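**Q** When you get a sec, could you build the whole thing from the sequences and use the hints?
Here's the letter readout for the chains.
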Amino acid sequence: MLEDILKNIVEMEEHEAINKAKEYLEGGGDPQKLLEVCRDAMGEVGKRFEQGEYFLSELILGGEIFKGIMEFTLPKIKSGSVQKIGKIVLGTVKEDVHNIGKDIFKVFAEASGFEVIDIGIDTPEEKFVEAVKEHKPDIVGMSCLITAGVTSMKKTVDKLKEAGLRDGIKIIIGGGRVDESVKEYAGADAWADDAAKGVRLCKQLLDWRVD
Amino acid sequence: MVSNAKELAGKRYARIMAAINLEEPDRVPLRGFGGDIIPAYSGITQHEFCYDYEKAIKAIEKFLTDFQFDWAGSGITGLDGRVFSVAFSEYPDIAANTTFITGPMHDALGDKYYRYPGREISEDASPQFIGGTFMEADEYDQLIEDPVKFVAETVLPRACRNLETPRQAMATMVRLGVEFARYGAAGREIGAITAKLGYPSIPMGGAYAPLDIIGDFLRGIENVLLDIRRYPDKVKKAAEALVEPIVNYALSYKQRGLKWVMIPLHLNEYLSPKLYKEFYWPTLKEVILRLADEGMKAQVFFEGRHDAHLETILELPKGWGIAYFEKTDVVKAKKVLEGHTCVMGGIPMSLIVGGTPEKIEEYVKNLLEQVKPGGGFILSANVGNAPRETPIENITALIEAVEKYG
Ligand code: B12
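Those protein sequences? They're chains C and G, same order as listed. Heads up: the first sequence begins at 1 in my numbering, then just goes up one per residue. Heads up: the second sequence begins at 1001 in my numbering, then just goes up one per residue.
Do not take every clue at face value.
[To be verified] Calculated lysine-lysine pairs in the DSBU-like style (CA-CA distance at most 35 Å, straight line):
no., chain 1, residue 1, chain 2, residue 2
1, C, Lys197, G, Lys1359
2, G, Lys1365, C, Lys155
3, C, Lys197, G, Lys1365
4, C, Lys183, G, Lys1274
5, G, Lys1062, C, Lys155
6, G, Lys1285, G, Lys1254
7, G, Lys1277, C, Lys154
8, C, Lys203, G, Lys1332
9, G, Lys1365, C, Lys154
10, G, Lys1237, C, Lys67
11, G, Lys1359, C, Lys155
12, C, Lys155, G, Lys1285
[Unchecked claim] Some chain G residues near chain C, calculated using beta-carbon distances under 7 Å:
no., residue
13, Ile1130
14, Arg1229
15, Tyr1270
Honestly, the hints are just simulated from the structure, not real lab data. Quick caveat, the model's predicted, so the values are computed rather than measured. Note that the Cβ used here is the ideal one computed from N, Cα and C, for glycine as well.
**A** Okay, here's the thing in structure tokens:
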């Protein structure tokens, strides 16, 4: 059954995936196991995307199926027993209102075990600073789809430095308008213009925390 | 006033046309950009640039005087209004007026599609198209049945606060008409300025990919992508139904004597080749072909990465128009489309904003070595909007590099 669910998610069979997941839980299945299977499925979707087999529409539908299953699965898992591997504060930068890429990255990060605090779009620098103070994340993620947002990222990093918070976090930037030179310019630690790679990099950034 | 304006314009025109006709021009033409840098360069706010046409025209004149591209790419700011053009598509004298919705038109409509500086956002922010969801999934049948009626009578009253009731709509339309006249006059004034500065005139109208009308203005991008999976037949039929009004709207430009339409694409990058060929391309292709039958050419802006769909362009007749690329590698695109389609693009805006004059010269030299031979190429920044912090010396460096290596 779990194997079927995995296959249905990966093959984008929304109805089958959701119905079987419901059936599985109603039949006394273990929600924790279901969660793990869904995560594996999302990992596979991300992999296919990185390999050029899947496109953005598959990432969005995959995310939609995942969210659909989580809606009735998460409440069945004892709070506290869901292991989080790290915490990310995520927002689209000031002057930029594109949210789709950020939302896809969020689902994939959550599916691989991160807790993600989404602070929205067109996010002022100060809001990032406040969110870091409040949530004490391991990683700050900034999404940027317009060239004007590049300056916003730099300003945000500068504000985090001024507030003395920069050394306690890692910063990853993403979205269609970032690359190595933008990373350098903004003063971030990593960049990704694809969600699956972004999640992989976030896991690597966590290793730094252990040292 | 440039003393030899006419001659200069003629030379530039021939240069651009040679590239479009897949020939080798005297030098590779450079298409200009504009956007946020224009008000910044003149020290006026975005609000002034969007609402005070007199100031805006002066700022545009200053920018175009100081930065001489081959093809002027600057105008009064307006945001995509193709959904209104669909609604007006039965009235060729009106439909073209809403290709772009300016700040004052936005005020008249009270719409939820846009945010303008000094209104919903700060005086110095760049104007924003934000879109939204103004149609439910169970309304596809109405869209298919009569797209113009559905858009005009159901969608727009939801999307525009000032079109909610018929009497509001009456007043709104009168105000909108006044703004059409003001915008038209400003456009003619800019036309006169560009002519006296020696820029050629290649006026462009508009068309749109049918599925993008649904994504950008009716259902929202994410919803339409999910709809493709959930209600594939309805989405397909709806896109087909929109071909007719889009073609009618685009042809209204023909009546005005224009030969070109501009089509920016949005959903292309999201779709796998399979979905692209099934849901997006057939209706876009039909729009382009029907306009070609009427003697009109298209400049299609392939936003994002179009790599996976490049070959489909070869299905269009040779010389159909200009393929403008954003993130697709233009060297690769030119190889695929050589002798078939004029390719435009090549300069990342991030390089102009974050690079140095030396880096820009180096980049242009390298790129031109690869794309110049054989002609059929127009150099352009990969987007038309330069942010306000764009270093002036980098714009000059770009123009000089093209003069040197083009
Ligand atoms: C869809 C779209 C819109 C939609 C947005 C809908 C929405 N709710 O998000 C609408 C129509 C509303 C829109 C509006 C505008 N847009 Co727009 N838009 C696009 C378009 C076509 C696709 C963007 C997108 O969603 N891509 C898909 C997502 C999934 O990709 P992505 O963001 O790269 O995300 C992936 C990765 O990068 C990564 N990722 C994303 N975020 C993060 C974050 C982290 C931390 C990590 C690790 C990874 C990560 O994961 C994702 C999945 O792999 C692009 C062109 C293009 N194809 O890129 C233009 C584009 C981005 N838009 C552009 C512009 C100019 C605008 C407007 C300013 C237009 C205007 N004048 O009004 C307005 C926005 C106003 C503003 N200030 O922001 C320009 C930007 C140009 C530039 N270089 O500055 C583009 C490039 C189009 C163009 N070529 O002109 N747009």
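**Q** Hint by hint, say whether it matches the structure.
**A** Verification of the supplied hints:
{"no.": "1", "hint": "C:Lys197 with G:Lys1359", "verdict": "holds, 29 Å"}
{"no.": "2", "hint": "G:Lys1365 with C:Lys155", "verdict": "holds, 33 Å"}
{"no.": "3", "hint": "C:Lys197 with G:Lys1365", "verdict": "holds, 33 Å"}
{"no.": "4", "hint": "C:Lys183 with G:Lys1274", "verdict": "holds, 34 Å"}
{"no.": "5", "hint": "G:Lys1062 with C:Lys155", "verdict": "holds, 30 Å"}
{"no.": "6", "hint": "G:Lys1285 with G:Lys1254", "verdict": "holds, 19 Å"}
{"no.": "7", "hint": "G:Lys1277 with C:Lys154", "verdict": "violated, 40 Å"}
{"no.": "8", "hint": "C:Lys203 with G:Lys1332", "verdict": "holds, 34 Å"}
{"no.": "9", "hint": "G:Lys1365 with C:Lys154", "verdict": "holds, 30 Å"}
{"no.": "10", "hint": "G:Lys1237 with C:Lys67", "verdict": "holds, 29 Å"}
{"no.": "11", "hint": "G:Lys1359 with C:Lys155", "verdict": "holds, 24 Å"}
{"no.": "12", "hint": "C:Lys155 with G:Lys1285", "verdict": "violated, 43 Å"}
{"no.": "13", "hint": "Ile1130", "verdict": "holds, 5 Å"}
{"no.": "14", "hint": "Arg1229", "verdict": "holds, 6 Å"}
{"no.": "15", "hint": "Tyr1270", "verdict": "holds, 4 Å"}
In the structure shown, a violation is registered for the earlier hints numbered 7 and 12, in ascending order.
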